[in-house]
Amino acid sequence: MFAKLSILLGSAVMLASSLVSAQSMVRNCNKPGYVAITYDDGPNVYTEELVSYLDSVGVKATFFINGDNFLQLNDSVPAQNALKAAYASNHQIASHTWSHKDLNTLSDDEFTSELVKLEQITQRLIGVKPAYLRPPYGSASTETIGKLNDKGYEVIEWSTDTKDYENHDVSQEIDNVRSSFTSANKNEGFIILAHDVYEQTTTEMTYALVEYIKQEGFKFCTVAECVGKPAYK
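FYI, our numbering numbers position 44 of the sequence shown as 44, with every residue one higher than the one before it.
In short, the hints are calculated from the structure, not lab data. This list has only true hints and no planted wrong ones.
Derived lysine to aspartate or glutamate pairs resembling DMTMM-like cross-links, with alpha carbons at most 25 Å apart:
1) Lys129 to Asp75
2) Lys31 to Asp175
3) Lys101 to Glu157
4) Lys129 to Glu119
5) Lys101 to Glu166
6) Lys229 to Glu143
7) Lys233 to Asp68
8) Lys84 to Glu225
9) Lys84 to Glu199
10) Lys60 to Glu48
11) Lys147 to Glu157
12) Lys214 to Asp161
13) Lys233 to Asp108
14) Lys84 to Glu48
15) Lys31 to Glu216
16) Lys84 to Glu49
17) Lys117 to Asp102
Here the structure is a predicted model, which is why all the values come from computation and not from measurement.
Input sequences plus hints: build the corresponding full structure.
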């Protein structure tokens with residue numbers, strides 16, 4: 001009887017643990033000594049040049065894209081070209097939803113539309129559907145995360161915020177990264193939040209960020225490589 005009770009309790013703990021795991025956002029890179037640079041809210045007019053720079057220094061990033069935000073993927077040639085260039089260079093393309101609405105506030109139909117419209121346009125333009133999603137504003141309740149998991153998404157937050165949206169000061173941005181990790185943290189992995197909709201982010205800040213990461217002895221990877229699951233559905 002005691003043995004059966006122990007088995008039942010153990011199963012309950014494992015089930016609870018798996019549910020918690022399934023309904024939480026990924027904040028850190030699971031590869032110690034690696035950093036994933038991520039860019040939200042694009043593509044924008046600066047994105048294609050950013051891709052060229054990253055390619056030139058051998059860094060693969062993850063782009064959490066919108067369909068209708070700063071540019072509209074349906075009809076913006078610069079946005080479409082940037083998306084195609086990033087995918088062709090083996091950067092990861094991930095979802096930031098169609099129009100950057102807080103998923104917690106949407107009806108079921110609106111929620112589904114925000115996901116499906118983005119999937120449809122990436123399927124049309126680059127032939128794949130993202131399997132990774134970052135909720136707009138990093139806002140996702142346990143219920144929302146569960147719904148995203150049910151639709152086949154790994155839900156991604158970040159460990160390290162550059163705060164490039166605040167003042168576009170490169171010294172402050174790198175200080176924000178330094179406060180999250182240094183070479184002393186090489187037994188951990190990190191996911192950095194940035195935004196390719198700002199010119200300063202795609203040039204000055206990214207140049208400094210790549211140098212800082214190298215200087216501290218970290219390597220680069222995509223978010224899918226951090227998690228260890230395929231980037232696309």
